[in-house]
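Number of protein chains: 2
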Amino acid sequence: MNKVNLSEKLALFSEHWHPHIVGELNGQHVKLAKIKGAFDWHHHAAEDELFLVVSGTMDLELRDQTVTLEEGEFFIVPRGVEHRPVAHEECHILLFEPASTRNTGNITNERTRDQLDRI
Amino acid sequence: MNKVNLSEKLALFSEHWHPHIVGELNGQHVKLAKIKGAFDWHHHAAEDELFLVVSGTMDLELRDQTVTLEEGEFFIVPRGVEHRPVAHEECHILLFEPASTRNTGNITNERTRDQLDRI
Chain R
1 MNKVNLSEKL
11 ALFSEHWHPH
21 IVGELNGQHV
31 KLAKIKGAFD
41 WHHHAAEDEL
51 FLVVSGTMDL
61 ELRDQTVTLE
71 EGEFFIVPRG
81 VEHRPVAHEE
91 CHILLFEPAS
101 TRNTGNITNE
111 RTRDQLDRI
Chain A
1001 MNKVNLSEKL
1011 ALFSEHWHPH
1021 IVGELNGQHV
1031 KLAKIKGAFD
1041 WHHHAAEDEL
1051 FLVVSGTMDL
1061 ELRDQTVTLE
1071 EGEFFIVPRG
1081 VEHRPVAHEE
1091 CHILLFEPAS
1101 TRNTGNITNE
1111 RTRDQLDRI
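Protein sequences, first through last, are from chains R and A. Counting in this note's numbering, the final residue of the first sequence is number 119, and the numbers go up one at a time with none missing. Counting in this note's numbering, the final residue of the second sequence is number 1119, and the numbers go up one at a time with none missing.
Extracted from the complex, chain R is given alone in its bound form:
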C-alpha cells in the first residue's frame, strides 16, 4: 500500500524492452518500460494490451495502420492483433495488461522475459 511515482520508478532501470512491474490489481499488472528501436511483430492470444506514453513518442505498428502515440495518449491492442512497437528516440511507456501477458506474446527470442522484476 504505497503510492507509485512514475518518474521515480523509471529512474530505477535503463535497459530497453525490459518491462518492470510497478502495480498489480484484479489480476492485471501495471508495468513501466523504456523502449527504443523496433521490437518484434507479435500478438497476445488471450490478452488485450494498453500502451500509454509517459514521455516521448512511439509508433504502434499494426498490419493495416501505424498509430503514433505522444505523451498522454494510449492505445489498446485487442487480443490476437499483431503489433510492433517502434520508438525512434527513447520513449517511456506504461502498460496495463493481464498478469499472464508475456512481452513477446506468441514468439520467443532473446527479448522474451518470462520473469519480470517488481520495482
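Just so you know, these hints were derived from the structure itself, not from any lab. Note that the structure is predicted; figures quoted are calculated from it, not measured. Careful, some of the hints might be misleading.
As the list claims (entries may be wrong) - If you want the footprint, here are the derived chain R segments under chain A, 3+ residues with CB under 8 angstroms:
| no. | stretch |
| --- | --- |
| 1 | 72-80 |
| 2 | 103-117 |
Stated by the list, open to error - Sample of chain A residues lacking proximity to chain R, with all beta carbon distances greater than 12 angstroms (derived):
| no. | residue |
| --- | --- |
| 3 | His1016 |
| 4 | Trp1017 |
| 5 | His1018 |
| 6 | Asp1040 |
| 7 | Trp1041 |
| 8 | Asp1048 |
| 9 | Leu1062 |
| 10 | Asp1064 |
| 11 | Arg1084 |
| 12 | Asn1106 |
All residues carry an ideal CB built from backbone N, CA and C; glycine is no exception.
Model the placement of chain A on the given structure of chain R, informed by the hints.
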C-alpha cells in the same frame, strides 16, 4: 481501435465526480474523472481500484493514513479498504478498475452513477 488523448477526452466534460469511460480491456475500464472537494467514504467489496493523477493534486484518505498524489503518481486501493478521495483544487484523474466497479461502492447517494458515459 482509436488512440485516446487524455487531454482531449478531459475537455469533453466538466462535472465533478462523474467518471467517463475512455477504454475497456480484459473486463477492466479506463475512466477519467474531474474531482473537487470531498467525496464520500466507501469501499468496493470485490474490486481493487487504481487512481492515477493526470493533473493537479489529490488526497486519498484511508482510515489509517492520507496519501497525497501529485501528477504522475498512482495508488491502488485494495478491495474492501475504505477510502475517501479529496481534492482541494480541481484535479484530473485516471481510474483503472473492473467494469463492475460502482463509483460510490457500498453506499448509494446522489453521487452514485450506475451508468457511465463512454467518450
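Worksheet item: Against which earlier hints does the structure fall short, listed by number upward?
Response: 2, 8, 9, 10
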